[in-house]
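There are 2 protein chains.
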Amino acid sequence: MPKKCVVLLSGGIDSSTTLFYAKSRGFSCKALIFDYGQRHKREIHSAIAIAKAANVPYRIIKIKLPWKGSSLIDSSSKIPVTRSGHIGKGIPSTYVPGRNTIFISFAISYAEAIGAEAVFIGANAIDYSGYPDCRPSYYKAFNKVIKEGTKAKNITIKTPLIKTKKSDIIKLGLKLGVPYNLTWSCYKGGSRPCGVCDSCIIRQKGFRNLRLNVAVH
Amino acid sequence: MPKKCVVLLSGGIDSSTTLFYAKSRGFSCKALIFDYGQRHKREIHSAIAIAKAANVPYRIIKIKLPWKGSSLIDSSSKIPVTRSGHIGKGIPSTYVPGRNTIFISFAISYAEAIGAEAVFIGANAIDYSGYPDCRPSYYKAFNKVIKEGTKAKNITIKTPLIKTKKSDIIKLGLKLGVPYNLTWSCYKGGSRPCGVCDSCIIRQKGFRNLRLNVAVH
Chain P
18 MPKKCVVLLS GGIDSSTTLF YAKSRGFSCK ALIFDYGQRH KREIHSAIAI
68 AKAANVPYRI IKIKLPWKGS SLIDSSSKIP VTRSGHIGKG IPSTYVPGRN
118 TIFISFAISY AEAIGAEAVF IGANAIDYSG YPDCRPSYYK AFNKVIKEGT
168 KAKNITIKTP LIKTKKSDII KLGLKLGVPY NLTWSCYKGG SRPCGVCDSC
218 IIRQKGFRNL RLNVAVH
Chain X
18 MPKKCVVLLS GGIDSSTTLF YAKSRGFSCK ALIFDYGQRH KREIHSAIAI
68 AKAANVPYRI IKIKLPWKGS SLIDSSSKIP VTRSGHIGKG IPSTYVPGRN
118 TIFISFAISY AEAIGAEAVF IGANAIDYSG YPDCRPSYYK AFNKVIKEGT
168 KAKNITIKTP LIKTKKSDII KLGLKLGVPY NLTWSCYKGG SRPCGVCDSC
218 IIRQKGFRNL RLNVAVH
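Residue numbers (my numbering), protein chains in the order written: chain P, 18 to 234; chain X, 18 to 234.
No distinction is drawn between identical chains; accordingly, a pair holds when it is met within one copy or between any pair of copies.
In the DSS-like style, the derived pairs of lysine-lysine whose C-alpha atoms are separated by at most 30 Å in a straight line are:
(1) K188 with K69
(2) K69 with K21
(3) K188 with K106
(4) K69 with K180
(5) K20 with K85
(6) K58 with K170
(7) K79 with K40
(8) K81 with K58
(9) K192 with K180
(10) K79 with K168
(11) K40 with K192
(12) K40 with K85
Derived from the structure by calculation, the hints contain no laboratory data.
Take the sequences, apply the hints, and build the full model.
This is how it looks when you write it as structure tokens:
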């Protein structure tokens, strides 16, 4: 029996690469996709397309955060943009309070219910927006929560890309066959990427460093 | 301005007492109630009644765990019962994988969004069903997750009743004016408490130790 895992899949570069990576490591994967009221709801379609391309079953969890508190889920506030090509310092308004903690908690529940031994997440603390819930210390602490708070005890959160540069993530993904044309990054979620939000800028930088077409979507 | 907190409210003895306790400590409370497909859905009505009795605003979060994995959310499996008056050892089938982790993750999100400094939960590791996510070590680990993974950093999970006997919880609650007649404990969630599930037995024991009517509901 292959080892089972749950993979958090947003439909962006990092989570899509993580899914293909987990598969390449011999895991039988289940993808978990969240519809949490994000502005870029179209990333959900990308996530589904990626799961299908990877031939991995997926589930979509719909949640509602009635308290907002983030420009990513509150359409009355603005997504920060920059024309300089460099993202700002500090934690931007796109940070969603508790988001990764909620995602991981569902993934842990799923993993425990199906007897999976790992939860994969494409968190990255190198080319990222500065969110605290993308850093290694957070995942280390969460693994302790699992050890103390579950019946299974043996589930581990895996963050294989956490210290990898975006361009190296893409290089790895291309080797693994990730169809990046199906992925979506832009926070604004319009019909075309805006090109000026943090997520677009980080994506562009990754492709540009590999001398690939930055417009790949 | 009073300190703000979020209180996880199930409608049972422990969470109801915790809500009144947090109020008595000067917190401005927001109650968070979960509709997660529990068999004893009627505890939600108790939770609402308790929030109203405490004059505290509440929100209900509806979630769906499509993977089941617990007799508490899967009506095709049986709730364990005993006629001996003593609950069994080990973790029973009513354990819901990741449940408290999910509840707390939403509470953290809520707390961070409204600038609250505490999340109160009525977890108890003395008179309880043996769930791992009711023990102090779990909450200690989770506080580290908050410190590492939130922008606010200063939110603390408070478990004021974790080492208190059920009868002492009730004694405290009676002083604080908790209307226990409005609370609900039975896992089966019928029109009357079954009297033989773990939750009924623990409840009975608490009231009996105080020489109070065990049938109080």
